[in-house]
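Take these sequences, add in the hints, and give me the full structure.
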Amino acid sequence: MRNNLYLCGQIRKDMKKYVLDLRVVSVEQIHARYVLIKLTDNQELPEMLPGQFVEVRVDGSPTTFLRRPISINYVDREKNELWLLIATVGDGTRQLAQLQSGDLLNCILPLGNGFKGTLGPGPFVPPEVRGTKGPGPNVPLLIGGGVGVAPLLYLGAEMAKNGIKPTFLLGARTKNDLLMLEEFKKYGRVLITTEDGSEGEKGFVTNHSLLQQERFDCIYTCGPTPMMKAVARYAKQTNIDCEVSLENLMACGLGACLCCVEKTVDGNLCVCKDGPVFNINQLLWQI
Amino acid sequence: MANLEVKIGALSLKNPVMTASGTFGYGLEFADFMPLDGIGGIIVKGTTLKPREGNDYPRMAETASGMLNCVGLQNKGVDYFCEHIYPQIKDIDTNMIVNVSGSSPEDYAACAAKIDALEKIPAIELNISCPNVKDGGMAFGVTCAGASSVVKAVRQAYHKALIVKLSPNVTDITEIARAVEAEGADSVSLINTLMGMAIDIEKRKKVLSIGTGGLSGPAVKPVALRMVYQVAKAVKIPVIGLGGISSAKDAIEFLMAGATAIEIGTANFLDPAISIKVRDGIDQWLDAHGYASIQEIIGVI
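Residue numbers (our numbering), protein chains in the order written: chain A, 1 to 287; chain B, 1 to 301.
Where hints are given, some of them may not hold.
[Claimed, not checked] Straight-line Cα separation of at most 27 angstroms, BS3-like style, residue types lysine-lysine; simulated pairs:
1. A:K229 with A:K38
2. B:K14 with B:K50
3. B:K90 with B:K14
4. A:K229 with B:K7
5. B:K14 with B:K205
6. B:K7 with B:K120
7. A:K17 with A:K79
8. B:K203 with A:K229
9. A:K186 with A:K202
10. A:K263 with B:K50
11. A:K161 with A:K17
12. B:K90 with B:K76
13. B:K205 with B:K152
14. B:K277 with A:K17
15. A:K16 with A:K38
16. B:K90 with B:K7
17. A:K16 with B:K152
18. A:K161 with A:K79
19. A:K263 with B:K205
20. A:K229 with A:K185
21. A:K185 with A:K161
22. B:K277 with A:K16
23. B:K205 with A:K229
24. B:K90 with A:K263
25. A:K38 with A:K186
26. A:K186 with A:K165
27. A:K263 with B:K233
28. A:K38 with A:K263
29. A:K186 with A:K79
30. B:K14 with B:K76
31. B:K203 with A:K16
32. B:K90 with B:K160
33. B:K76 with A:K17
34. B:K7 with B:K50
35. B:K50 with B:K160
36. A:K17 with B:K160
37. A:K263 with B:K120
38. A:K236 with A:K202
39. A:K263 with A:K17
Hints in this document: simulated from the structure, not taken from any laboratory. Here the structure is a predicted model, which means the values were calculated and not measured.
Printed below as a string of structure tokens:
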């Protein structure tokens with residue numbers, strides 16, 4: 001069973017990538033700046049790991065030349081749906097928000113590496129089997145900010161499915177900027193910070209009282225870079241294993257163009273192929 | 001099913017479609033999407049004598065119908081290539097061609113000599129046209145004397161098919177083409193990227209880490225086509241055309257302009273199976289128009 005475990009920084013050789021025209025089930029405007037797009041296919045969707053992403057082609061936007069990398073928000077195996085949570089920040093993503101149900105969206109997937117402690121095929125290794133020294137978490141903390149909460153839903157859902165109850169710590173500017181809370185609550189405990197104090201504790205995620213009160217053995221984080229750096233600093237100071245999901249500008253998504261590089265202890269690595277998930281000990285962040 | 005076979009000097013290509021250096025990795029990255037042996041050649045990423053970290057991030061800016069990059073020849077060096085990459089790619093049944101770069105004629109020659117010893121690499125593409133490195137690269141490709149000096153040194157060290165990749169960032173590309181032909185190049189490929197820049201007006205800063213980068217994609221196609229046409233008229237050696245090719249129609253334009261083969265670059269990022277589709281599209285077009293061989297359309301303009 002251990003052989004099935006997916007390790008951060010390694011690519012599973014057997015994980016085939018596909019170019020698929022997925023059919024839009026729905027496009028839900030869940031916030032002024034965010035849409036949730038649900039996609040399906042006549043065939044069973046390929047295996048995908050939490051933390052991996054999709055390169056979507058944007059048709060009908062003259063200023064958009066390259067594909068857009070979008071993290072996998074959730075995979076609903078029962079309905080055969082792939083969910084993408086998209087921040088409409090530019091012409092390309094605004095065009096994606098105009099998709100209608102029934103439209104086709106050309107996607108390359110799955111790309112990149114997932115978070116450690118999630119898995120390939122087969123069940124998650126529960127703590128009692130894995131023991132405390134295994135590669136996965138016993139008490140995981142998932143910290144997200146802004147649209148960075150997207151991949152944490154699928155990660156937390158997979159953990160919950162396999163007997164580990166995750167804690168989500170989600171940060172936003174105001175109460176109205178919190179995304180998909182009801183979904184997160186299905187899979188674990190949800191704690192919140194807002195910058196204006198309109199929901200949860202006031203301040204940034206790293207100010208939340210939880211971090212002083214409880215001990216976690218692994219942190220997974222995705223969000224704005226300053227937030228991830230603050231989380232990484234906390235993790236380093238408290239000696240907790242920590243993985244971050246980066247979103248450097250990409251072109252190919254396949255490790256061919258070498259545009260999206262991040263400096264690491266192993267030299268420049270492609271965020272698309274060697275990431276997007278990195279252990280903070282791999283990165284040369286000044287934290 | 002027309003005959004698609006073409007020759008670049010002693011090099012036989014099963015069809016005229018190749019993938020351009022720096023846009024197709026080592027081929028392996030695209031194996032899930034298409035049969036790698038279905039195209040005429042794969043030109044693997046720029047390789048140098050010593051490892052190079054490349055330029056800092058950001059290295060890419062999207063532009064209208066194209067993109068700028070300033071990767072700067074990041075690679076692990078020729079020894080790493082020979083030891084670790086070559087064994088993985090040597091049995092791919094197509095022409096696996098290595099793009100070679102350097103910072104002095106001696107560097108180029110030493111790198112080429114190491115690749116000369118690799119049995120399953122039938123050709124190199126000499127990169128004297130990279131706009132993103134300070135030392136060497138395009139510095140050699142913008143003067144006849146510079147281009148000649150590199151080709152002369154490499155020609156002595158390298159005995160198989162030698163393709164020289166030309167820079168469009170010159171006053172008259174035909175002069176450079178003739179200069180490298182005179183030094184014994186078996187073929188020229190053109191164009192490398194056009195030097196450009198992008199500015200982030202909110203930050204009041206240049207977008208790319210080194211300020212400038214090379215423009216590629218459909219935006220450069222008409223410029224590339226014109227240069228291929230001019231060079232094909234100016235030299236006797238076969239010309240390989242590239243620059244924004246994204247469809248069979250684009251490829252046929254380059255062939256008609258005088259290219260014996262073509263390379264697909266940036267389009268690989270949008271559709272990882274585009275090169276095989278271009279091959280099929282050329283085949284279908286030839287059939288539909290009653291041509292028995294691709295030779296019938298090469299250089300007809």
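Hints, one by one, checked against the model:
1. A:K229 with A:K38: Distance ~31 angstroms between K229 of chain A and K38 of chain A Cα, so the pair is violated.
2. B:K14 with B:K50: Distance of about 33 angstroms is beyond 27 angstroms: violated.
3. B:K90 with B:K14: 17 angstroms, holds
4. A:K229 with B:K7: Outside the cut-off at roughly 55 angstroms; violated.
5. B:K14 with B:K205: 47 angstroms, violated
6. B:K7 with B:K120: 17 angstroms, holds
7. A:K17 with A:K79: 21 angstroms, holds
8. B:K203 with A:K229: The given pair, whose Cα atoms are some 22 angstroms apart, holds under the 27 angstroms limit.
9. A:K186 with A:K202: The given pair, whose Cα atoms are some 24 angstroms apart, holds under the 27 angstroms limit.
10. A:K263 with B:K50: Distance of about 19 angstroms is within 27 angstroms: holds.
11. A:K161 with A:K17: 25 angstroms, holds
12. B:K90 with B:K76: 18 angstroms, holds
13. B:K205 with B:K152: Roughly 41 angstroms between the alpha carbons, so the hint for K205 of chain B and K152 of chain B is violated.
14. B:K277 with A:K17: 18 angstroms, holds
15. A:K16 with A:K38: Given pair K16 of chain A, K38 of chain A holds - Cα atoms ~22 angstroms apart, limit 27 angstroms.
16. B:K90 with B:K7: 21 angstroms, holds
17. A:K16 with B:K152: Given that 27 angstroms is the threshold and the Cα spacing comes to 44 angstroms, the pair is violated.
18. A:K161 with A:K79: The hint holds at about 16 angstroms.
19. A:K263 with B:K205: 21 angstroms, holds
20. A:K229 with A:K185: Holds, because 26 angstroms separates the two Cα atoms, which is no more than 27 angstroms.
21. A:K185 with A:K161: 14 angstroms, holds
22. B:K277 with A:K16: 20 angstroms, holds
23. B:K205 with A:K229: Measuring from Cα to Cα gives roughly 24 angstroms; hence the hint holds.
24. B:K90 with A:K263: 30 angstroms, violated
25. A:K38 with A:K186: Answer holds: K38 of chain A to K186 of chain A is near 18 angstroms, not above 27 angstroms.
26. A:K186 with A:K165: 10 angstroms, holds
27. A:K263 with B:K233: Judged against 27 angstroms, a Cα distance of about 46 angstroms means the pair is violated.
28. A:K38 with A:K263: Roughly 34 angstroms between the alpha carbons, so the hint for K38 of chain A and K263 of chain A is violated.
29. A:K186 with A:K79: 17 angstroms, holds
30. B:K14 with B:K76: 30 angstroms, violated
31. B:K203 with A:K16: Answer violated: K203 of chain B to K16 of chain A is near 40 angstroms, above 27 angstroms.
32. B:K90 with B:K160: Holds, at roughly 16 angstroms.
33. B:K76 with A:K17: Measuring from Cα to Cα gives roughly 26 angstroms; hence the hint holds.
34. B:K7 with B:K50: Cα-Cα ~32 angstroms, so violated.
35. B:K50 with B:K160: The hint holds at about 22 angstroms.
36. A:K17 with B:K160: Not satisfied, since the Cα-Cα distance of roughly 36 angstroms exceeds 27 angstroms.
37. A:K263 with B:K120: Between K263 of chain A and K120 of chain B the Cα gap is close to 33 angstroms, so the pair fails against 27 angstroms, i.e. violated.
38. A:K236 with A:K202: The given pair, whose Cα atoms are some 24 angstroms apart, holds under the 27 angstroms limit.
39. A:K263 with A:K17: Holds, at roughly 26 angstroms.
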